[in-house]
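Participant: Sequence:
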Amino acid sequence: MKLKSIYLWVFYRFLEGTFLALLGLSRSLPPSLFQSLSAPVLKLLIYVLVPRRRIRRNLQAAFGAAYSDATIKGLAKGVQEHFVNNLSDCFRHMADPEHTRQTITIEGAENLQSAMAKGRGVIALGAHIGNFVLVGTRLDLAEYQFHTLFRVPSEKGIRSFIDRHLPRFHLRVIPSRPRRSAVKKILEALKRNEIVFILGDNLKRGQIETRLFGQKVPSSRGPVSLALRSGAAVVPMYLIRNYDGGLHLVIEPEMVMSRNGSLSQDITDNTKQIVRYLEDLIRRYPDQWNWLTVRMRKRRAPPLAHKSSR
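Using numbering that gives the first Met the number 0, the first residue of the sequence shown is number 0, and each one after it goes up by one.
Simulated from the structure, these hints should not be mistaken for lab results.
Keep in mind that the hints are not guaranteed to be accurate.
[Stated by the list, open to error] Below, a list of computed lysine-lysine pairs in the BS3-like style, where the Cα atoms sit at most 27 Å apart: (1) K215 to K271; (2) K72 to K297; (3) K271 to K184; (4) K203 to K155; (5) K297 to K271; (6) K76 to K42; (7) K271 to K183; (8) K203 to K215; (9) K203 to K184; (10) K271 to K203; (11) K42 to K203; (12) K3 to K42; (13) K183 to K117; (14) K155 to K1; (15) K155 to K183; (16) K3 to K183; (17) K72 to K203; (18) K117 to K190; (19) K215 to K297; (20) K3 to K203; (21) K155 to K3.
Given these sequences and hints, build the entire structure.
Facilitator: The structure is reproduced here in structure tokens:
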């Protein structure tokens, strides 16, 4: 346990130093030069933290024979490249918030306005897809009262570091731990008719059994439970990279929650609805999703047919 603590301490200090160095470069260099100089560092970081082998394994488990090995390899490479580009974008936007306002386009703002007009707050349903970090940044710059539910590491040094630098992202964070405190803060924000951004694709543990790409995965009941309890509207949104390299924030129409009289069944049914929505979103942008948020089993080859002997 002590060895693990030492490892985490060293790892977090390394991340802090890398962050500060890149932040300094992003402020002092032209964007094109910063991108060229930072790319090798960011690639090394991503290739270590987001191993391509694990991405390929989950892609294969999800799509099976529908995708060739070459396609799977290409998608896995694309996932890593998107991570690198997303990190580079984050530094660029921290260095120049006005750049964020001008370059990230928004589609479907009327859907958010319609949901907020109900006066019960909005649960912004997100996923680890595209540059999800900048969703809150862009909407905060558009003067929305926006909060992000975020799992802050327990190590004191990195917690303090994150707290100091969050304002650069124009982010207001609600720590997901302790859970009771998080729920209280979320409900208070919703009561004030504000927006709380919750990522719905943490599919490694949870109370509800759902299916993603035909495989059983556990899913958290949190977003649905909070929506049913508060009456808040659930509005899906995601920030994806276009084919021309630009960032585009899509805000979809409210996802209607079914209410059939049984709270436990309503939570189960609506959670399954969310996972079906997420699967459709991932199918549209498979190279922009973080495939490490789920554990999937390798697909078994179908048994060979045997001719019956007569």
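Participant: For every hint, state whether the structure bears it out.
Facilitator: Status of the hints after comparison with the structure:
Proximity of K215 to K271 is assessed by CA-CA distance (about 11 Å); at most 27 Å being required, the pair is judged to hold. Proximity of K72 to K297 is assessed by CA-CA distance (about 16 Å); at most 27 Å being required, the pair is judged to hold. With a C-alpha separation of about 25 Å, the suggested pairing of K271 with K184 holds against the 27 Å cut-off. Between K203 and K155 the alpha-carbon distance is near 25 Å, which keeps this suggested pair within the 27 Å criterion.
Restraint check: the Cα-Cα separation between K297 and K271 comes to about 22 Å, which is no more than 27 Å; the hinted pair holds. Restraint check: the Cα-Cα separation between K76 and K42 comes to about 11 Å, which is no more than 27 Å; the hinted pair holds. A hinted pair counts as satisfied when its Cα atoms are at most 27 Å apart, and K271 with K183 qualifies at roughly 25 Å. With a C-alpha separation of about 11 Å, the suggested pair K203 and K215 falls inside the 27 Å cut-off, and the hint holds.
For the proposed pair K203 and K184, the alpha carbon gap of about 24 Å is at most 27 Å, so the pair holds. About 15 Å separates the Cα atoms of K271 and K203, which keeps this hinted pair within 27 Å; it holds. Between K42 and K203 the CA atoms are separated by roughly 26 Å; this keeps the pair inside 27 Å, and the hint holds. A C-alpha spacing of about 25 Å is found between K3 and K42, which places the hinted pair at or below 27 Å, so the restraint holds.
For the proposed pair K183 and K117, the alpha carbon gap of about 21 Å is at most 27 Å, so the pair holds. A hinted pair counts as satisfied when its Cα atoms are at most 27 Å apart, and K155 with K1 qualifies at roughly 16 Å. Of the pairs offered as hints, the one joining K155 and K183 holds, with about 23 Å between alpha carbons and a cut-off of 27 Å not exceeded. For a cut-off of 27 Å, the pair hint linking K3 to K183 is broken: about 32 Å separates their Cα positions.
Taken as a hint, the K72 and K203 pair is honoured in the structure, with Cα atoms around 23 Å apart against an allowance of 27 Å. At roughly 11 Å between alpha-carbon atoms, K117 and K190 fall within 27 Å of each other, so this suggested pair holds. Taking the CA atoms of K215 and K297, the gap is near 12 Å; set against the 27 Å cutoff, the hint holds. Of the pairs offered as hints, the one joining K3 and K203 holds, with about 22 Å between alpha carbons and a cut-off of 27 Å not exceeded.
Only pairs whose Cα atoms come within 27 Å are accepted, and K155 paired with K3 is accepted, the gap being roughly 15 Å.
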